[in-house]
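Chains A and B, in that order, give the protein sequences.
Everything in the first sequence is counted per my numbering, starting at 1 for the first residue and increasing by one.
Everything in the second sequence is counted per my numbering, starting at 1001 for the first residue and increasing by one.
Hints listed in this document are in silico derivations from the structure and should not be mistaken for laboratory results.
Heads up, a few of these hints could be off.
What the hints assert, rightly or not - Cut-off 30 Å, straight-line C-alpha distance, at most; resulting in silico cross-link-like pairs (DSBU-like, lysine-lysine):
1. A/LYS228 x B/LYS1312
2. B/LYS1058 x A/LYS485
3. A/LYS531 x B/LYS1305
4. B/LYS1063 x A/LYS340
5. B/LYS1059 x A/LYS340
6. B/LYS1131 x B/LYS1224
7. B/LYS1058 x A/LYS414
8. A/LYS485 x A/LYS414
9. B/LYS1059 x A/LYS414
10. B/LYS1065 x A/LYS531
11. B/LYS1114 x B/LYS1253
12. B/LYS1058 x A/LYS340
13. A/LYS228 x B/LYS1271
14. B/LYS1305 x B/LYS1277
15. B/LYS1059 x A/LYS531
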Amino acid sequence: MAHTAEAHGDNYLNHEKGLWSWMTTVDHKRIGLMYLASVCFFFFLGGIFALIIRLNLMHSGHPVVDANTYNKLMTYHGAIMVFLVIIPAIPASIGNFVLPMMLGAKDVAFPKLNLASYYIYLAGATFACLALFLGGADTGWTFYTPYSIRTGGGVILVIFGAFVAGFSSILTGLNFIVTIQKLRAPGLTWNRLPLLLWALYATSIIQVLATPVLAITLVLLIFEHVFKVGIFDPALGGDPVLFQHFFWFYSHPAVYIMILPAMGVISEIIPVFSRKPIFGYRAIALASFGIALVAFIVWGHHLFVSGQSELANFVFSLLTMFVAIPTGVKVFSWVGTMYKGSIRFNAPMLYALGFIELFTIGGLTGVFLATLAIDVHLTDTYFVIAHFHYVMVGGTIMGFVGGMHYWFPKVTGKLYNETVAMWAFISIIIGFNLTFFPQFIAGTEGMPRRYWSQLPEFDLWNTLSTVGSWFLLLGFLMVAWNMIKSAKSGPAAGDNPWRALTLEWQSKSPPPHDNFGPTTPTVTHWPYEYKGANV
Amino acid sequence: MNSVMSKAYGKAAWGLPLQGSDVAVTWDHLYWFLFWLSVFFFILVVGGMIYFAIVYRKKEGRKTKYIVDHHALEAFWTIIPTILLMAIFGWGWSVYKKQIHAPTDAMEIRVIGKQWLWTFQYDDGRTEASKLVVPLGKPIKLIMTSQDVIHSFFIPNFRVKQDVVPGMYTSVWFEPKVAGEHQVFCTEYCGTSHSGMLAKVEVLEPEQYELWKAGKPYQVTGVKTPSSDLLAAAQSSARLANAKLPLPDQGAKLVQAKGCTACHSIDGSAKIGPSYKGIFGHEQELLDGTKVTVDENYIRESIQKPQAKVVKGFNPVMPPYTKDMIGEEDMNAIVAYIKSLN
Ligand SMILES: [Cu+2]
Ligand SMILES: [Cu+2]
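Given the sequences, and given the hints that come with them, work out the whole structure.
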């Protein structure tokens, strides 16, 4: 690609200078980085709450906080991790950075809207955090009625914060759909679209269709709280279970807002580090949409013991089984991709392998919970906690951190330290399994969730789990240190250190302000053409 | 016969709770099927991944094979899981029906959940708090509702759970085959003392059950929940953790932790119950017009049997806190605390 001499030193980081230039930027790369910083901040905040929760549960009878504080901590841990970390983590930070570049575009379709989304996210986060100082909230992140209507404190603010943050998600989804539809480079046909983009497309559809339902639900909840209208509160003639239907009508699809992008990241990493085409490209792309579709018709599996009818339970259990099919197809295809490859164990690949291990456990235990009779015993125990942490942290966060390492050279133009990255990964994978595997056993034995104090008979599992959380802390601190230090003083990476074939790697590292300079790249082959000189 | 019956039901094995009923036995079969199937798939996927990672690791001169897909293989790993999943669904459904359909001759007991206490009402008018007494080997159907927010009634040993929802009746049933104590948890988050909302099912041998019915002393024989004295234990250790504090401060923490503050203020303003401020040593007018002086004994009775003397102007809604729930040491701390608010 032709670059003018003066364009060489010019990149998106130094194109404009000063804090103000960041705050007013419409460059998708800078916005992606601002999201990344915010998401990481909230990840550490939510993580600190989790560490206190674990400390509190380490030995029965030795609480470190009182019951009311504990209930607020578990609410904040959940609400922050779901609404401010995992939902925006991959689409809004990594997605924002790489999506236009993978398309060969100069920016997203609506750059100003993109910046607005970021500020809406910040506003939502601010409201939610304000509540911390105004009495807090103790409802759990699920805000179940009628408890959430009766309890005091800042619960309305937290709900309002989630409501506002939802718009950021809707607008980002909209922006991505239009960008993928309209701004593909010449030659980038649908059959050549990288799998991350297929995943982000499917995610965006869910974001646009499901999030408004959450918005309406939360508005009704605020109405109920303030005006006592009697929608959810049985004391006023309302139906508390109705809230659960509304809530999960959003929050189940939201689970796929969280995991699909991570699956996209894994689908990019594995072929690059196996030097082989992705196995079953079409099946994986289709599976993303299959999952997005099924996502909308399985919410009732959260209500198997809520008093929902037998017929509803029959249907929702049956439909939920279908989630496992496209999910299985993806996992099998990733492993299939490694067959007869030439595998490199750089950090992104380690995280991809970690993802497969953890996500497989998360997925298989999901089948337990989809099975009606089994769920009756396991629901609302630590089995469920373990299951969704395997999926959301073992899946999404692994994908996120793997992606962070993978695109680090593109974003910064530097290489991270591979040795530190490997030890961080080892600490995380050991810590993760130590933290969450014992919770499956405790849950099967009947240990309930959201308990400030647990019975002594579960002490062994609780102690193991708490010790595991320290390894997780250590691992994530190493990741943070590695990233910050390498961004400052890492060795130069070159434009394409992984020799990847997707478009973003054909640009400079770090990329210029307009991504590809004056020329628009043209695509002549699909992004997994690992043959001949490309291997 | 009963001892034979008990033998057929195993101890808690391999991370599963004790099998307390036929449903639990059936449930465990399905659970183990899923467990071993999962182990198989885990080894297949993760074992395969590790195998490939080792065998196909990067090596000088290694040529990779250009494979993009394989339709037969893809069809295979779509169809086989589909068949398995449908079978699992069907099995799950059949066990579920056993789990939720009580036999028609089941004995009915009414359950009320309220923050943070379970109460049980029998047909003959008897009531129990935090303790559900049932005869061995008889099907029991619980008809449940909540007085305030959603709770959930969970007995791990019987593998049953059902939400308890205000404004509607839900039910759960079990046929206990093992005498002794079985743990009950509240498994729907319900506020401050959610984790203290525990109870136990006491499954009695027929003679003992008759004694209980007659209001006479009876004995619980058979299994003990490892945590049958858990509340006492948890609380006494919480007390130990607090032991360095002066007594009134311990009391202050306790009324927080026990959820008393939901109904009682300390600033003189009435909430659902009267404020603690300045009541000690003062006269309190009761519902029936009589007056009592608030002293240690009155406070203790107000906590253990709130309905015995109801303060005028308030509804008798305070849940009783049994000795199991507030031990003597804690009681002293609470009294000292209320005293200190004068
Ligand atoms: Cu769900
Ligand atoms: Cu509860």
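For each hint, the structure was consulted:
Restraint check for A/LYS228 and B/LYS1312: the C-alpha separation of about 29 Å stays at or below 30 Å, so the hint holds. The hinted pair formed by B/LYS1058 and A/LYS485 meets the criterion: a straight-line CA distance of about 29 Å does not exceed 30 Å. Proposed proximity of A/LYS531 and B/LYS1305 is contradicted: the alpha carbons are some 81 Å apart, above 30 Å. Using a Cα cut-off of 30 Å, the hinted pair B/LYS1063 and A/LYS340 holds, with the two alpha carbons roughly 8 Å apart.
For the hint linking B/LYS1059 to A/LYS340, the alpha-carbon distance of about 12 Å falls within 30 Å, and the restraint holds. Distance restraint check for B/LYS1131 and B/LYS1224: the Cα-Cα separation of roughly 14 Å lies within the 30 Å cut-off, and the hinted pair is therefore satisfied. Our distance criterion of 30 Å between C-alpha atoms is met by B/LYS1058 and A/LYS414, whose separation comes to about 24 Å. Restraint check for A/LYS485 and A/LYS414: the C-alpha separation of about 10 Å stays at or below 30 Å, so the hint holds.
Distance restraint check for B/LYS1059 and A/LYS414: the Cα-Cα separation of roughly 26 Å lies within the 30 Å cut-off, and the hinted pair is therefore satisfied. At roughly 8 Å between alpha-carbon atoms, B/LYS1065 and A/LYS531 fall within 30 Å of each other, so this suggested pair holds. This hinted pair checks out: B/LYS1114 and B/LYS1253 have alpha carbons roughly 22 Å apart, not beyond 30 Å. In summary, the hint linking B/LYS1058 to A/LYS340 is supported, as the alpha carbons are separated by about 10 Å, within the 30 Å threshold.
Under the criterion of a C-alpha separation no larger than 30 Å, the hint pairing A/LYS228 with B/LYS1271 is consistent with the structure, at around 19 Å. Our distance criterion of 30 Å between C-alpha atoms is met by B/LYS1305 and B/LYS1277, whose separation comes to about 21 Å. At most 30 Å may separate the alpha-carbon atoms for a hinted pair to count; B/LYS1059 and A/LYS531 meet this at roughly 17 Å.
In the structure shown, a violation is registered for the earlier hint numbered 3 alone.
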